[in-house]
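Protein sequences, first through last, are from chains U, P, H and Y.
Quick note, the first sequence lines up with residues 1 to 338 if you use the numbering used here.
Quick note, the second sequence lines up with residues 1 to 338 if you use the numbering used here.
Quick note, the third sequence lines up with residues 1 to 338 if you use the numbering used here.
Quick note, the fourth sequence lines up with residues 1 to 338 if you use the numbering used here.
I should point out that these hints are in silico values taken from the structure, not numbers from a laboratory.
Keep in mind the model is a prediction, meaning the values are calculated, not measured.
Some clues are possibly wrong.
Where chains are identical, the list cannot tell them apart; a pair therefore holds if satisfied intra-copy or between any two copies.
Keeping only pairs whose Cα atoms sit at most 16 angstroms apart, straight-line, the calculated EDC-like set for lysine to aspartate or glutamate is [what the hints assert, rightly or not]:
#, residue 1, residue 2
1, K297, E88
2, K274, E254
3, K136, D63
4, K274, D44
5, K297, D54
6, K297, D169
7, K162, D104
8, K50, E275
9, K274, E26
10, K262, E26
11, K50, D332
12, K297, D246
13, K136, E261
14, K274, D253
15, K3, D54
16, K3, E26
17, K41, E327
Protein chains: 4
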Amino acid sequence: MDKVGIIGGTGYTGSELSRLLCTHPEVELAALTSRQNAGKKVSDSQTFLKGYVDLAFTEKIGDTKDLDLVFVATPHGVAMDEVPQLIESGIKVIDLSGDYRLHDTAAYAKWYGHEHTDGENLQNAVYGLPELFRNKIKGAGLVANPGCYATSIILACAPLIKAGVVDNDIIADAKSGTSGAGMVPSPRLHHPFCGESVIPYSVGTHRHTPEVENAVEMFSNVGVKVTMIPHLLPIVRGILSSCYMDLKKDMSDEEVAAIFEKQYGGEHFIHYVKEPSIRAVVGSNHAHVSSNVLNGKVAAFGVLDNLVKGASGQAIQCMNLMLGLNETTGLDTPGLGV
Amino acid sequence: MDKVGIIGGTGYTGSELSRLLCTHPEVELAALTSRQNAGKKVSDSQTFLKGYVDLAFTEKIGDTKDLDLVFVATPHGVAMDEVPQLIESGIKVIDLSGDYRLHDTAAYAKWYGHEHTDGENLQNAVYGLPELFRNKIKGAGLVANPGCYATSIILACAPLIKAGVVDNDIIADAKSGTSGAGMVPSPRLHHPFCGESVIPYSVGTHRHTPEVENAVEMFSNVGVKVTMIPHLLPIVRGILSSCYMDLKKDMSDEEVAAIFEKQYGGEHFIHYVKEPSIRAVVGSNHAHVSSNVLNGKVAAFGVLDNLVKGASGQAIQCMNLMLGLNETTGLDTPGLGV
Amino acid sequence: MDKVGIIGGTGYTGSELSRLLCTHPEVELAALTSRQNAGKKVSDSQTFLKGYVDLAFTEKIGDTKDLDLVFVATPHGVAMDEVPQLIESGIKVIDLSGDYRLHDTAAYAKWYGHEHTDGENLQNAVYGLPELFRNKIKGAGLVANPGCYATSIILACAPLIKAGVVDNDIIADAKSGTSGAGMVPSPRLHHPFCGESVIPYSVGTHRHTPEVENAVEMFSNVGVKVTMIPHLLPIVRGILSSCYMDLKKDMSDEEVAAIFEKQYGGEHFIHYVKEPSIRAVVGSNHAHVSSNVLNGKVAAFGVLDNLVKGASGQAIQCMNLMLGLNETTGLDTPGLGV
Amino acid sequence: MDKVGIIGGTGYTGSELSRLLCTHPEVELAALTSRQNAGKKVSDSQTFLKGYVDLAFTEKIGDTKDLDLVFVATPHGVAMDEVPQLIESGIKVIDLSGDYRLHDTAAYAKWYGHEHTDGENLQNAVYGLPELFRNKIKGAGLVANPGCYATSIILACAPLIKAGVVDNDIIADAKSGTSGAGMVPSPRLHHPFCGESVIPYSVGTHRHTPEVENAVEMFSNVGVKVTMIPHLLPIVRGILSSCYMDLKKDMSDEEVAAIFEKQYGGEHFIHYVKEPSIRAVVGSNHAHVSSNVLNGKVAAFGVLDNLVKGASGQAIQCMNLMLGLNETTGLDTPGLGV
């Protein structure tokens with residue numbers, strides 16, 4: 001049985017990895033690191049894991065031997081300090097931060113505001129969206145796990161761009177639950193501020209913008225421009241991205257639907273539906289895609305649980321591919337529904 | 001002191017009219033009708049009005065004599081049965097339903113799904129958005145009070161269309177609290193369904209679409225096409241509409257801001273701000289407008305309380321104008337802030 | 001593999017049974033009934049089950065042969081029409097409504113407001129709270145699955161009553177998410193009404209009151225009086241019941257904790273914790289119990305997901321016992337945590 | 001016109017004071033202090049006050065001359081550094097922190113965890129709950145404005161204790177919106193943590209406990225013991241406290257109601273109602289009280305907006321009394337209702 005570890009086991013994506021891995025039948029969760037909690041039982045701070053994770057946090061991932069794969073669930077800027085040594089040791093790596101999602105150091109510096117110190121691995125990292133890049137992921141040593149917003153937008157837009165039926169100018173009005181922002185308290189995430197509101201933020205500057213552009217281009221061979229505005233919703237889990245694209249010529253709802261059905265008809269986790277629903281997918285690795293033709297445009301929706309298909313679930317899906325396991329292992333449960 | 005009445009005093013917009021009128025210093029709230037509750041004290045069902053409204057519901061508005069102005073706060077399709085007689089009696093009317101917002105009976109039939117039976121008044125009705133049509137409202141006998149979504153979108157788009165700096169193709173991604181849907185329970189408004197989700201609905205069919213198109217055209221003399229998708233938010237009060245328009249030529253954030261400042265700089269209730277906030281306006285007749293230039297587009301936001309500036313507050317603002325009162329009377333309080 | 005069916009497959013508890021049973025490795029979900037949707041695919045209305053449940057609804061449970069066990073997930077008053085025939089046919093039954101939870105027809109008539117027509121099975125039904133009545137459930141032909149509020153209160157109080165350390169006068173201030181009220185829209189569950197409030201209801205009349213009294217007495221041989229006030233919370237899933245009991249003599253927090261640890265230390269799904277958390281258990285069959293000594297009283301908390309440990313998860317736990325399976329099969333996943 | 005100032009103008013209670021004072025017809029809001037924002041316009045940070053408050057923050061309250069009354073809206077522990085000098089200068093003071101609510105320095109040290117340095121004023125401070133202590137407030141130089149939880153509990157319990165119909169052992173299960181915790185982000189107030197949960201906290205240690213005991217005793221001359229558990233709700237504004245007391249002898253609902261009606265029948269802001277509602281009072285200085293007799297107990301509810309009747313509105317009510325104004329001036333609007 002493959003042994004896996006998590007660097008950054010206390011954050012939301014680290015916890016969600018633990019939640020999903022602890023019942024995964026074919027890998028062993030063997031290590032979680034936390035500088036602050038090193039030596040303490042994981043289930044003392046993450047009480048929902050009591051009975052499921054019997055480990056204590058370690059300080060460094062190197063404290064655990066014979067790991068086959070490591071998830072890096074740290075803030076961006078930290079991952080790039082950890083990854084080179086892991087890769088060198090022959091350990092497969094899935095990075096859930098933004099550090100390896102862009103193609104080159106210049107783009108990274110522009111969007112993240114500081115230099116990238118690991119340009120070599122940056123070039124080789126595979127973008128971990130299995131429905132679009134499955135084969136590359138299977139052979140990858142380093143996977144950059146997609147951002148939550150990015151996944152929802154890419155799923156809703158990439159098939160239409162590839163089919164050549166829409167212009168390459170995408171407006172993505174994205175709406176996310178608060179858990180996407182992580183566990184560190186801040187004024188924007190303070191309940192009295194955000195709990196009964198919807199708040200646009202990072203207008204024109206959100207780092208998932210270039211990520212969507214890159215991924216869509218890689219998949220479709222068409223360069224695209226993305227205008228993305230994230231909005232914070234007063235819910236904990238869930239993203240719905242409403243994407244608007246101009247049709248090149250008149251199409252019916254059915255013709256557009258056919259493109260999505262062709263792309264996703266064989267997928268286990270992606271469902272083309274008439275009424276996209278956050279509650280239908282929340283808690284699971286499933287995603288909804290939907291579309292409507294109106295006024296010569298397509299409005300396409302991408303819906304998912306930001307912590308599962310938007311982060312840790314997708315990372316495990318990648319892990320399954322990288323380790324030669326069945327892609328759905330450990331992830332094959334429906335959303336909560338209600 | 002002018003005497004006013006409300007037809008449909010038990011719904012949300014009727015209640016909100018009562019809430020605002022009961023402390024209005026220059027009109028007397030003299031009548032509220034309700035078929036079901038006729039004869040019962042208003043404050044027995046609307047307990048928050050105890051100590052403020054001492055009336056009992058009457059069955060018909062005609063039961064009360066000498067009214068100067070009547071608000072019609074019924075569902076659409078009902079208002080057109082009430083309005084002709086009121087107008088004939090020389091009573092000024094403000095209709096909060098959708099019955100008098102479109103210009104002609106054909107458009108009404110298309111969007112509302114049934115015939116309009118009062119074409120004459122339909123033609124004469126004035127669209128009650130004071131910041132754009134103040135002078136017409138002053139002299140009006142019948143005002144069609146704008147829809148909540150429509151107000152938020154028009155405020156964010158009309159100045160740019162009029163200034164001729166953007167294309168006439170508007171994408172309006174609108175997000176509303178649940179009180180906008182009224183007080184009748186339904187599956188979509190059932191808390192377990194909508195309480196932890198965001199739900200797009202009426203895609204391409206929402207009746208505020210032609211209303212926005214008409215109002216913007218009247219104001220700017222430019223025909224526009226609106227692609228509007230409403231989304232239901234898990235909050236009670238508040239709308240934020242994110243509107244996307246292509247710039248005809250490069251402009252800076254400051255240049256776009258200048259257009260809004262010119263339009264709204266002298267307005268009491270409209271504020272051009274950097275960070276639009278539902279909480280800043282909720283409970284009040286104030287609205288926020290904001291804009292960002294990105295990717296050759298303008299993203300403009302319109303924010304308001306759907307029951308106040310999006311309905312009953314705006315209706316009272318119109319009433320003030322129609323009765324020759326100061327426009328802000330009875331409405332001049334800040335939003336809750338938190 | 002045992003075959004199971006669900007009468008009332010479209011309601012929240014029926015859907016939740018489907019969600020959990022569709023991945024249960026040792027039973028086959030073979031039938032779901034729905035009068036309204038008979039003949040239609042289950043996953044057309046319950047879209048989150050797409051890929052997991054491939055059945056169509058049938059009109060009657062009798063349409064499916066060779067069922068070993070049937071869950072009755074109808075409103076109370078309906079179950080008693082279905083149960084006698086099932087029992088007679090030798091099919092094991094778990095009723096999730098309130099129809100078989102009280103001991104006698106007189107109590108039923110008093111609390112439910114109509115007669116009970118199946119007094120015989122009522123007498124024989126076993127109350128399905130495995131942690132307290134495991135052995136009886138194993139041999140039962142008819143299990144009355146506990147109410148959601150009742151489970152949370154019983155778990156928090158029964159051990160202390162049995163240990164004889166508190167008076168038999170329990171105050172249960174119970175707080176529930178809205179999904180506990182079922183899927184039928186109503187004024188109280190209308191989002192604008194309940195979405196930003198907390199609402200006490202059924203004060204002194206809630207039907208889980210006698211259920212708690214009966215269950216605690218059965219378990220402890222001590223008659224108790226329960227003063228229960230349910231409060232509706234603006235969340236979808238989750239119950240926290242705060243229970244207050246007078247200590248008979250001074251005890252420390254540790255001594256009280258020891259009683260709970262003794263009772264639940266060996267349980268897989270019940271966790272005695274310092275900081276009870278809805279988010280730690282939501283989506284799972286786990287429950288938290290916690291306690292504090294203050295002012296000569298114990299404040300004890302019971303926390304669970306009302307649709308899982310408070311309804312369908314607990315029903316499956318009972319099913320596992322009745323069918324001779326491992327009690328945790330199909331239920332052994334942690335809560336969402338966040 | 002009297003001139004008033006606010007020390008601590010940026011916090012939630014300071015902002016709420018500004019919101020209410022800016023439309024108060026008989027006082028002038030002349031000063032707001034903020035160390036961090038000194039020199040900046042108030043409406044730059046509190047954008048909802050744009051058009052209503054034209055002041056800039058000052059560093060010290062002494063920077064403004066001729067103030068008649070000062071509100072101290074700082075955290076506890078800070079107020080006691082400000083109050084002595086104000087009192088000495090002959091300025092009336094209303095302290096919204098907890099610094100002057102308890103009677104003696106020993107109790108303060110026990111509950112607040114640090115010494116009180118202004119014992120003299122502590123002894124003379126008047127507890128500012130107008131419905132119970134109106135006459136004392138009229139003549140006070142220093143008013144300790146009650147806590148939000150405390151107000152809701154006292155209103156629900158004090159009349160019954162005074163009437164001698166219940167035992168002096170009060171259980172207060174209190175539920176509050178998040179704005180009661182103030183504007184500083186913290187893990188408990190982080191939306192992903194609290195946004196879909198209800199969280200008991202400060203069990204047995206909440207500082208409003210002795211405050212309730214003192215106030216009830218002052219009012220009724222009966223010593224009481226309060227067992228209070230606060231619970232954090234996922235709403236922004238609003239408190240509902242459910243209080244449980246044993247009846248000394250059998251009473252009907254009507255007899256208990258009569259006691260409340262007698263106490264509050266003449267009050268403008270307190271309403272004895274059958275169905276207490278947060279939404280009916282939110283945004284206003286009104287409060288609901290309700291009661292039910294069950295099992296030989298009274299369950300009494302106190303409901304209010306924690307920032308208005310639970311803080312800043314009540315402070316202005318006290319101010320009106322202290323300045324010889326009509327008690328309701330500037331506060332006389334109904335709650336939002338929806």
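Hints the structure violates: just list their numbers, smallest first. Checked against the structure, the hints that fail are numbers 1, 3, 5, 7, 9, 10, 13, 17, while the rest are satisfied.
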